[in-house]
Amino acid sequence: MPDVRILVVEDSPTMRQLISFALKRMKGIEIVEASDGVEGLKKLNSGTYNLIITDINMPVMDGLKLISLVRRDVKYRTIPIMIITTEGGAEDRERALALGADAYITKPIQAGNVLDTAKSLLGIP
Amino acid sequence: MSEENPRENPPVEQPEEILELMSKSVLFTKELMAENERLRFRMVEMAEENRRFGATGTPEEKQRLFQEQIQDLETEKERLLGQYQNVEEENRIVATRYVEIEEENNNLANLYVCSYQLHSTLDFHEVSQIIMEIIINLIGAEEFGIFLLDAKTQILQPMAMEGIPLEQIPPVAPGEGVIGQAALSGENYYAPGLEEGQASSSLAHPLVCIPLKIKDQVIGVIVLYKLLPQKTQFANVDYELFTLLAGHAATAIFSSRLYTDAERKLHTIKGFMELLTKQ
Numbered sequence: 001m002p003d004v005r006i007l008v009v010e011d012s013p014t015m016r017q018l019i020s021f022a023l024k025r026m027k028g029i030e031i032v033e034a035s036d037g038v039e040g041l042k043k044l045n046s047g048t049y050n051l052i053i054t055d056i057n058m059p060v061m062d063g064l065k066l067i068s069l070v071r072r073d074v075k076y077r078t079i080p081i082m083i084i085t086t087e088g089g090a091e092d093r094e095r096a097l098a099l100g101a102d103a104y105i106t107k108p109i110q111a112g113n114v115l116d117t118a119k120s121l122l123g124i125p
Numbered sequence: 001m002s003e004e005n006p007r008e009n010p011p012v013e014q015p016e017e018i019l020e021l022m023s024k025s026v027l028f029t030k031e032l033m034a035e036n037e038r039l040r041f042r043m044v045e046m047a048e049e050n051r052r053f054g055a056t057g058t059p060e061e062k063q064r065l066f067q068e069q070i071q072d073l074e075t076e077k078e079r080l081l082g083q084y085q086n087v088e089e090e091n092r093i094v095a096t097r098y099v100e101i102e103e104e105n106n107n108l109a110n111l112y113v114c115s116y117q118l119h120s121t122l123d124f125h126e127v128s129q130i131i132m133e134i135i136i137n138l139i140g141a142e143e144f145g146i147f148l149l150d151a152k153t154q155i156l157q158p159m160a161m162e163g164i165p166l167e168q169i170p171p172v173a174p175g176e177g178v179i180g181q182a183a184l185s186g187e188n189y190y191a192p193g194l195e196e197g198q199a200s201s202s203l204a205h206p207l208v209c210i211p212l213k214i215k216d217q218v219i220g221v222i223v224l225y226k227l228l229p230q231k232t233q234f235a236n237v238d239y240e241l242f243t244l245l246a247g248h249a250a251t252a253i254f255s256s257r258l259y260t261d262a263e264r265k266l267h268t269i270k271g272f273m274e275l276l277t278k279q
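Protein chains in written order, with my numbering: chain V, 1 to 125; chain A, 1 to 279.
Warning: the hint list may mix true and false statements.
Stated by the list, open to error - Stretch by stretch, here's where chain V covers chain A in the computed footprint (C-beta under 8 Å, at least three residues): (1) 105–112; (2) 136–145; (3) 157–169.
Just so you know, the hints here were simulated from the structure itself, not pulled from any lab data.
Ideal Cβ positions, reconstructed from N, Cα and C, are used throughout, including at glycine.
The whole structure should be built from the sequences, with the hints applied where relevant.
Listed below in structure tokens is the structure:
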């Protein structure tokens, strides 16, 4: 039984693998992957998660829509959300944080940065 | 009538009073002996303390002893300070090394993932999609494209573009302009001022050209025109990614093309065979 479950919502398989690589350096972790917002919501409904990591630009349902839906739902309101995106503008960042994201990382990512931010959101020293 | 002298004839006391007096004197004696013992012990303690602090002897001797003690303590302090500095230095070296190893680990993870993804499929479109993903997500380019050398015409044709419409990009002959030169020479091209983050680019003068090579044979060129705003300059891992792309992307493209061609030919032959068997 894992201590921490993380949902990674990202359309790029390369990025999903890279994020998983970075996160698996934490012990007792399980990573569940989804390739868009709709699949992400389905996975979210089928289990308990401690952290959601999502891209913004994705097909079917983008990351911002996913965040707003997650934050509206009482069941998921408290799950921390980290965004990993190519959108580096201040406005994009502010919009995402206003919708309820807790951390905002721009691509290209550093694995160490992703890991540190995830640990911080999970309260792991 | 006779007078009684109290001195000559002391009053006769009761035996109980005598016994009480005697027991009191026994207790008093015991207390005295215990106090005496305590004082003797204290004397021995003080004598030991005096010996330790050199309180015995002449003042000059005491001063000499104190100075020796101070000297010993100073030497000990110097030794401990030296050790502390050595440990500090070792800590610093270990911390630096840890950061380097951490960075190296991250870089290796990036390279591993790229290599793994590039060779995870034999579908040509998937391969080109993976190359595009790597360039966006790991290198951090906003406008870029892939040119492939047409085997028949020997012209570099734009195969995929990101951030720029494909129709805007003209084909390039080997040796023509920066892109053509990179294809002809097989050497990576980096625009002047790129390392300082001050390079400017246009369609004719891109930021980076990475020839896709299988051994010495160039099969195409990856061209970067513009980086993401947050990507101000390249890191070491980016150059390693370019090297990886030059080789692995080339073989992945080549293999997937061969596979696609073979699949197409197989379908044609199958169709032909079916046609023949039906007749």
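Do the hints match the structure? See the list:
| no. | hint | result |
| --- | --- | --- |
| 1 | 105–112 | holds (count 5) |
| 2 | 136–145 | holds (count 6) |
| 3 | 157–169 | violated (count 0) |
Consistency with the previously given hints fails for number 3 only.
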